[in-house]
Structures are given as C-alpha cells and as structure tokens.
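If you read the protein sequences in the order shown, they are chains A and B.
All residue numbers for the first sequence refer to our numbering, where the first residue is 22 and numbers rise by one.
All residue numbers for the second sequence refer to our numbering, where the first residue is 10 and numbers rise by one.
No lab work stands behind these hints, which were simulated from the structure alone.
Even glycine gets a Cβ: it sits at the ideal position worked out from N, Cα and C.
One thing to keep in mind: the hints can contain errors.
If you want the footprint, here are the derived chain A segments under chain B, 3+ residues with CB under 8 Å [to be verified]:
#1 365-378
#2 813-820
#3 885-895
#4 909-922
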Amino acid sequence: MNYINRLLLILVVSIASTSGRISAQTSRTFVFDPERIFILGDADLDGRLSLDEYQDFLRAFPRMNRPTVAAESMFRGIDANHDNYISLSEYRKSFPPGPGASVKPNDPREKPAAVDSAVAITPDQEKFFEEKIRPVLTTQCGKCHSSAAQKLRGGLRLDSREGLRLGGESGRAITPGDPEQSLLIRAIRYQDDDLKMPPKKKLADSIVADFETWIRMGAPDPRIEGSHTKSNLSSNSAKSHEFWSFQPPKKHDPPEVKRTDWPRDDIDRFLLAKIEARGLAPVADANRERLIRRATFDLVGLPPTPEEIDAFVQDNSPAAFNKVVDRLLASPHFGERWGRYWLDAARFAESSGKTNFMYSHAWRYRDWVIASFNADKPYDRFVREQIAGDLLPAENNRQRAERLIATGFLALGSKAHDAENRGQFILDVIDEQIETTTRAFLGLTVACARCHDHKLDPISQRDYYALSGVFRSTRTCSGTLAGVFPNFNASPLIELPSGANMPSAVPSLSAEQRSSLEKRIAELTKERGAIPPGEANRDRLRRVNSMLAMLRYRLLIDRPGGTPRTFAMGVLERDECVNSPIYIRGELDQPGELVPRGLIRLLRDESNESIMSGSGRRELADRLASSTNPLTARVMVNRVWLHLFGRGLVATPDNFGAAGSPPSHPELLDTLSVDFMNDGWSIKRLIRRIVLSKAYGLDSTFNPRYFEIDPDNILIWRMSKRRLDAEAIRDAALKIGGRLTAEPPVGSSAARTGEGLAMFLRIAGQDVSDTHRSVYLPIIRDQILESLALFDFADPSLVTGERSTTTGPAQALYFLNSPFVIQQAESLAGRVIAFSDDDSRRVDCAYRLTLARSPSPAEQDRAFRFLRDFTAGIVSDDSKREAWNAFCQALFACAEFRYLD
Amino acid sequence: MLSTGMTRRDLLKRVSSGFAYLAFASLSTIAQGVASKNSSLAAKAPHFPPRARRVIFLCMNGAPSHVDTFDYKPELSSADGKTSSKPGRIPGAKLMGSPWKFSRRGESGLWISELFPNIAAHADELCVIQSMHTDLPAHPEAYLMLHTGNSQFIRPSLGAWTLYGLGSECDDLPGFISIKPTTRNGGSQNYGAAFLPAAYQAARIGDEGQPVANARIGNIKNPKLDFKEQRIQLDYIQSMNRELLERESVHPGVEGVIESYELAFRMRRSLPGVMDLASESAATKALYGLDDSTTADFGRQCLLARRFIEAGVRFVELTHGDWDQHRKLKAGHSRNARAVDRPVAGLLTDLRNRGLLDDTLVFWGGEFGRTPHGQNSDGRDHNNKGYSVWLAGGGVKAGSSHGKTDELGYEAVEDAMHVHDLHATILYLLGLDHERLTYRYAGREMRLTDIKGIVHKGILA
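Starting from the given sequences, assemble the full structure and let the hints guide the process.
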C-alpha cells in the first residue's frame, strides 16, 4: 500500500466521522487514531491544518472530491475559534466519542490508539501465536525479515512486535482485525503478481488460514516491546549499554606514584602514574616567559604584554602564577576566547547557508555565550537555557530576554529556506537540531538514527523520532523575511521584552529618515501596483516585493522617539504538541507508527520516562543538564582539557559513542567530571584547577626516546606544541600592532545590513578594516573571511569540537602579502621605532611584543644583518622605515609566532 | 582506506615524523624546492591503472536544457503546444518543441542541436550521457549534489576527493583550481575539502561576475616589496624557522611552515607565468575565441585550464552561467551557447593536438536539465529526472551516447545514471575505486558516493 492509499484508508474514517456517518461496522474495521490522521494531513508540519491542507487531504480521496465550498464549510465547522487553522484539539473535538478515539484530549503524550497496543492478550491467543504464527515467522520469513537477516529486505522486520506493526517500504504489513486490508495476507496468498511471499514457495493453505484467523483476532502478539530495538543492535546489544561513557562517572583515588615530589595535585598523580608505567618521566618545567605566553593565549586568546611578562618573571612569591591565572580568568577577554570555542560546537553563524538568508539577530546569541563564560554561569544552567530558556522562570525582563536569546542555539543551524516542500524543510530542521544538540552536549551521533537504528550505539530509530516529536512540538523562530525571494520558509522572530533594554544593532531613525523611508515604500507600492500581471513580469515583481519587505521591516522595528524594537532567534513551544511518526528510511512520504515524544532511551531514568505535558523540551533540558546524566559533564570537561593541552582525554570530542576513541585517562576524566559537577559546574574553576597543575606548566622540549614511545604525547610527558587558531593569530597581530579595539562592538555588521540575502552584504575585507576581536567578525556561511578561513576556522554548519590544523602555501602568501599583515607590521614598526633610538633595544622590543621573549645575541646580529641587507646600503629615513616594516612583518610571518611552546 | 591498509591519518603521522628526521638532514634540498614528496599533496598511486590522469570540469551553472542541446526529441516537436501528460509543477503546462534544429554529426552520427556548431564538430570525441538524474530539482541542493554528492551535509567536493586520492603532480601550483566559482548554491562548499585536510580544497581564482582577465589568486603579489626585497625577507623568515627547527629537533608544524613558504614562493613565481597568456600564439588565442568579445571570457578560462593541466594541476573547474532560463530560453540559451561553444571546441582541439586529450577527462554539464514543457511562454522549468552531460577524452567511448530518456525527455528510462553513478564512474576513470576511496570522519568511513554509486562501464573506451 502506498502513502496515498494509506491516506485514503484513514480518510474514509476521518470523513465519515466528521460528517457523523460513521457506522459501527466501519469503526470496527478501522480503529482510527485522530492524532495520526491529523499529523499525516499536516503537510507542512506546523502542527495545525490550514484550509489548503484540509482540502488537499480531501482531494487525495476521489470519492470525497466534493465541491470546494463544501470542504470549506466543513473546515469552518471544525475551526471552532475561527483562526483559519484546525488545531489538534479542535480536530479531536470534531470526533464523536467512538471506540477508536481512545486518546484523551488533554493528554497528547498518551500512547496513540494504534489498534495493536490496545488489545490485551488472552492465554489462548498467546498459545495460538506461539504455536501457529511464531514458528512460521521465524522459519519462513526470518532469513530476509529479521535482525538476523544478512540483508534486510523491503525494510520489513517480522521478528518483533514493533517491526511487524511498523511495516516496511511497501507500507503497513498488517491491519489488525482485517485480513483483507493486510498486505502480509495478500503476500502469502500470492494475490498480487508483484508481491508473493515467501518468494520461493507458497505457504500451505492451512497456514494462510491461520494467519487470517490471527489477524482477525487483532493480531495478538506477546513479544515484548523493545525487542525490536534490541534485535537491531546485534547480539552484544546488552553490552553496548555497559559502554564506558554510558556509566555514571565516579571519583577515583589518585594512584601511587614513585616520584612523590613531582605532582602538585591529583591531576598530576593520574598523569604521572601512567608516564612512570611506561618508563618515561616528565620533562622540565617551562620557563616563565613560555608559561605566561601559553597561559595568556589559552585563557584570553591574546599575547601577554612585556609589562605582564616582567611582572611575572620578577614575582618571587609562590603564588606568582596563581595571580596571573586569576587575573586572566577575571578578564572580559576570557569570555571572548572560551565563548568562541563554544560557538564552534554550536555551529554559530549569521546566515542560513545555501541560498544564504541573513540571520541578522544571531549575534545576540554570540554575545550571550561570551557573557555566560565571563560570568562563569554554571554549565548546567548554560545547557538548560539553550534548550529551554523560554520555559524557565525569569526574575525580570532582562533575564527573560537573555533566556530567550539562549534558545538561539536551536534556531541558528544552516537551513535551505528555498525548499519547496515545507514538510521536508521542517524535518531537516529537526534533524539538524537533533544532530547539534546531541553532539554538542552529549557527544552522541543520534542523527545517525534518522533512517535506521544506530549501527554502533544503543540509539534506535524509535529514539530518534521520540526526540523528533519534542522538536516538532517546538516552534523554531529563525526569522528571515517572508516576501524576499526565494524564501519559501520564513519564520517569525521572538520579540524581546522592551523592559529588558537590550541593545539594538541599528540606530533609531530620525523623523527625516522615517519619512523618506515611508515615501520610498509608497513609491514602491505604487510601482508594484503598476506591474502588469503575468509571468513575464515575475522577476520585477519579486524584486519590488523583496525591497518592500526589507524597507517595511526597517520601519517596523523602529520606534519613533524610542530605541528600536529588539528581536532574537530562538524557539518557543507550539500551541499544541504532537508526536512524530517514524519515517521509514527517513523518508517524508513513508510515515509509520507514531512514537510518544520523549528522550532517547539512553537518557531516560525513572523520573522522566515520559513527557507529561508540553513539547518535552523542558525535560530534555533538565536531563541534559542533570548530574546523573553520564555524558554531559564528561563531554564538557574533555572540551576544556582539549583546549588546554591540544588533545582531549577522549580524542574525539564530539563522539563519545562506540565509534569514538576510548579515554586515555578514564579515571582522571571521571574524577575531573565529578569534581566539576560538585564544584557547581563552574568552568572557570575547572580551568583554574587544570592550569595550575604541574603538567600544564611542563616545557614542550623534545625527547627522542619518549617520542619514540609516545609520539602523540598522549601520556603528557611534555606540553604539546600547538598552533594558534585563526582568531588568536589575527587578534595577536592587532594587539601587537597597537590597533586592537578592546571594547566589544554592539551588534555585528551582519545585523546592520538588515534582512535579506547575504549576497548583498559586502564582507570581503572586513577582517582588514575592522579592529575588533575576531569573535565579533561577521560569520556568513559559505563566505568565511579570509583571515579566518585560511587558518582552519570551523565550518559553521558543523558541530566542531576540534579544528584541524593545516599548513599550506595560501597561509604563507597571506603572511607575505596580505594587506592586513602588512598593516599590522607597519603599525608595529611605528611602535618599535618610537620605543627607542637604539636599534638593539628596538629589536628587543619587537621580539618581546611578538614572541614574548628577548632575542639571543645571534638573533640580534641576524636582525641587524637583515635590516642592513634590506636597505642595500641606502640610508634614507624612508628606506630605514621600510626595513623596519619588513622586519616586523617577518616576526609575524615566522613559525614561532604562530606556535605555542 | 588507502591501498596500503593504513588510514590516511596513520600515514601522515608516520610520514610526517619520518619526514622530520629526513628534513633535518636535507633542509638545503627543501630550500631548493623539491621537497613536497612527503607532503599530503605528494602524488599517490591509484587503486588500478587509470585511464585519465586529470580532469577539466566545465560546469554549466543554472542547468542547460538537455532537450535543446544533446537529447534530440522529435516526438516533443510533434507534440508542441499539447498539454503535457507529466505536467511537473505547473498544471496544464504545454509541451514545447525545441526552437533549435538537431542534426546528426560526425561519423558517429550523434544528434546535437545547432546551439553548438563548434562542439558538434567534435561529436566523434564526445560520450554523451543522456540518462542523468539527480535527487532534487532545486539549484542549491542539486548543485551541491553535483559537486559533493550530498545536498544536506557538508561534504568534500569531487575535486578534493580526486586530489586526496591521487595527490598533485606539480610542486609549484595548487593541485585543484576553481576559476570564478559561484558564491551561491553553497558557494565555497562546492570546491571545499569539508572534513578532508584543507590542503585538498581548490585554490579559487577570480570571482563570479568579474572578468577572468582580472582574476588573480589571493595575496599572490606584495603591494610594496619587489621580488628581490621579498626574497631577502623570505630568506630571513626561513632562517628563523630553520633555527627554530634545529632548536626543537622535531617539530612537524615548523617543517610544514618552511615547506609552505617555499611552495608559496614558487607559486608566486610560476603562477603569474602560467596565467599570463602572452606567450600563446594569435592562432591559439583565436582557437579559444579570445578574439571575440562574446567568447573571450570563457575562452580565457578554457585556455587557462589547458595551461594549468599542462603544468601538472590535477583538477580544474570552470564555471559558466547563468543557464537558468525559466523565460527567454531562446535568447538566454543562445547567448550562453555562443559564449562557450567556440572556447570548449578550441579546448578539445588544443588538448587533442598536444596529445593531452587521451589522459585528460573533460566533463561538461550542469546540475540538472530542463522540462520538456514550456514555462512563461518561452522558458523551461527544472527537470531533475532526466538530463544530459557529456564526457570527452580520458578513456571514455568517443562518439557514443549512453542511456535514454522517455520520448519527451522527462525521465531517464534506460541505463539511468544518478549523479552518484557519474561520480563513481569518473573516479573509476581516474583509477580510483569509489568504495575504497574513503576517509574516516564522524565515526565512519566516508565516501564521495556515500553508500551508493555504480560504475557505468558501458561508457568506457
């Protein structure tokens, strides 16, 4: 049976029932489920039926192809509140209470009245099944239609109750109660030419008769629920739940070590024990210049100033480094550094990608992330606000606004706004939300289960669609203006409470500007009126419409005499929440059984087995942020460790499943995770603890013997060499050149462009002209600025826990020839020349600014030689200045500048 | 997985640490510019003997109409004006016969429309695939599918996979170049490396909408320093880098930096030369249509492509658009065809004359085709279920056609070739098995063809 046929089947019931002609006969044949009917009719997945959807739905059934007027009057009859949409509760009310309508109106989470589950099994039925049905299913069908099948045929599984009821690619296998409507019966009867099962030999007539009897009974099936999921996970499925990362982390006692004088804290003991076990020893400590350069870049993403270096080098107190660390943790630049790491995981960007509509309000989420890290917001709260900030109580308007902004996390993924199939668009958005949420917070690849059960982790397709129901009951407000072509999937934005006094990215309009804007709108409206109808003028009409939409938007957000209205991307609850069907192979036109929305099995515990009300986002947020969730703390601790050591304790930061790497130091990871939670989920305290360890202060000295044994430095016998990331390179060059604007900007140039297509935004070169920190540069999907893209900026459509580090000629050309580097070099040369009249002091100053150390005498000599060679004997002020420019540029260009020791 | 059974990452790790010791002893050779053998771009052996060693992809952005170019449909002409039985997205749309005449060309007798008189003269070199199909009839999705084999997720481009599989054959130019790529339809994703190392992404030359004569590779020239000054500066930089490497003993990052500067400097030296067409004869320039303003821009791209290929570049993509004629098909397709016809024909001639066509695969095509029914009186809508592309050179059956659409041209009905199949076949021609060319990402071995793709051996010579 194909999709349309299935639709027809349920239509008969739906229409018969709405028009009050449902007979007892029919209702016994088709025990129907209003929610399912509603969900299949809701083609655009917006949780309600429009008149169009309702009519299409009727049209799918030729015999009901009644005049439009009649359909419309039926629609109006059901639409009790006259809002031009049929909501789920309106739809439910339109059904007379009948045998099938067993879904309680106020409890959308109740298991759908799929016929099957309602029927209790009598001992006789069970006996019948075990004797007559199960043996046949196993021996005759199992080879192709079970988890044991080498290749599953037609997507159909008959070795579990759920699989049998879910059906396969050809549709539902059985209609309990009605053998004639059961595909399985038709197949074993050899009724249709194209579907004869089993293919080799027709079953005996007596067996066929047994099956007919069994289906007539209602297909009672004693096989317990869940066996479907388990059967998919191969024979060692039980073990997969015992996988290390699914166990709660436990605090471990630090191991005994031989060199008791080396460790400073337990982190060191855990590390040293493994180093000693391999017959290695930690290298010496880093000198103070190296250490402060490392810590300053690691904590705030900027180089230390010569004054800061001197103060640290000269500080003889035992707490000298503690002071440095505390100063850096308190700096407002801390959030800019660590917030950016989170933005990688949250695949932050300010446009949609593909057709590339601007997300002009995305920057609020960016600023919220930075502020959260600066305020050391407890990580559990940080998580909860991003998933369900709109549902959390707020103490005041400001907090309310911030929590709404936090949910931008779910709204700013890449999207194909030009998709013509609205339903497909929504499913893809949900998929993106599932992918990002589970990978960023849990290190799980739940999105793998969209089309089939996860191959490696205990995540079933059913889990996926349970979670899908949560997001399907959520309104994603990404903005993008309707009316701008080709935006076929516009959505609203969330208006922030005006009492929150959130900053606006655009200035207020003067009276003059307003009136000229109004004038322009009037002109365009007139122009639009004059465009003759017809296809020939379609492009012109689109252009005018797009322009009108953008101008009207500008006018709309302005408040004469006040600050402009403020908006955010984010999510809200739908008015009514629904469950999602399982889509067979993830295909929109293959909806199967409805799944009660909820959490994935791995995350469930007894207290939140099912969603009691609303979308379930609140429960999801609570569960993600719970200290009994085995993954959240571990995943975040690992992210922090990765950014401080260059390699995670788990080397795959976004995958803690079976396909990920096992932890190199499981006890350390667990202990840190437990401490992190006990410490109020404080990121700053976690970072402080790690940075103050002896291990973090190790030098990065090479040792051939150790390198032979542990080339990747997994044991941390030294500090790894790490390349600065794109932002740190650019920000350091600006700061060293004395041109960095330390204060954050308000908004983003992406926001000032307004709404519309990214192609109208001229962003190339903004990384040269803008002197704010790189975290504030516009992040436009598919148009990443050069200074970011060249140095492995994370693709903003993907969850990225760890960026790659590549080295290529384009980077070399950038350092040699780009206007940005030349500009910073000239600026640095100016500083250096002004610093002293003495060339050796100048060289020293330049070295200390760029490399945080003084040059050796040999390096001094080489610098002088370069300055002399470069001027080629011409001693003019200009040529000297050119030589200093070239010298400073060389310092930026050398490998040492780019690397942390 | 590479043929050795090691993952690429394993290989890189071993190679880079091995290289470290090597480099220590041979810094002077690095400085002389013969070092890239061990870099990720070093030439690699294919899985089996290749038929083609390099690719020129002539990407027709916006989707040319197959029924007006390479898929002759006399039934469509006779049904002109009738209501379409498969109306697509416009109910009641009327079928529209091609406004262009088709005739048999060359000894092979391939049907080619009068839109391409010059390309038609090469009919006996072409292998026209008339049974292409792709998943979605929307530009961004189909364009990404054509380039990366996926319209939903960010995946490496065909060129990046090629370079990953085969490495580069020259040490002074990028191995993958995209000239004037579009910024729409996924923009840089279409020539990106996604999760593959960034070294495999294309070097972009020029921007959409900018004459290619003005196109330069980014930061290739210093705005202030002359060549000599820059060499002094570079020597100074490299002396600092080498000293650092000596201090550190082993530091693959610094080795990479040293190598990158030398390659950059070689590129700075050789790239402008390769891009300077002055040394080409007037006859050659005329062959590519540089003497005519309608063909000059694409002609210049084609000539650049030949020069790059000749210099050892593995994969060159050229883009021409906009072929998206929902209206004014006649004017639009005529203009587009005129702009590319002579240059493409010139390219084929030139490659043939230089003995390059035998092992260079030329691929001409767009992201889908156009509907047999009309739209907006004189236009055609998107058609993803059936359309044509052609291949030439590189081991394909010359003067042949493969597959068929139905009598009107709506749907591929014989030897249907999905984009995944085309990708698998192109890799096959390059000596790569699309099922073995994998890269581990997000917990599994990723492929250009995902879990699909069938090599169509029927098009092989």
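- Would you check chain B against the region 365-378 of chain A, counting CB to CB pairs closer than 8 Å, and say if three or more residues qualify? holds (count 4)
- Message: Please verify the coverage claim for the region 813-820 of chain A: does it have three or more residues whose C-beta sits within 8 Å of some C-beta in chain B?
- Response: With 4 residues closer than 8 Å to chain B, the region 813-820 of chain A meets the three-residue bar; holds.
- Query: Mind checking, does the region 885-895 of chain A have 3 or more residues with a CB under 8 Å from chain B?
  - Reply: The restraint on the region 885-895 of chain A holds, since 3 of its residues have a Cβ under 8 Å from chain B and three suffice.
- Query: For the region 909-922 of chain A, does the count of residues with a C-beta closer than 8 Å to a C-beta of chain B reach 3?
  - Reply: holds (count 8)
Of the numbered hints given earlier, the model fails none.
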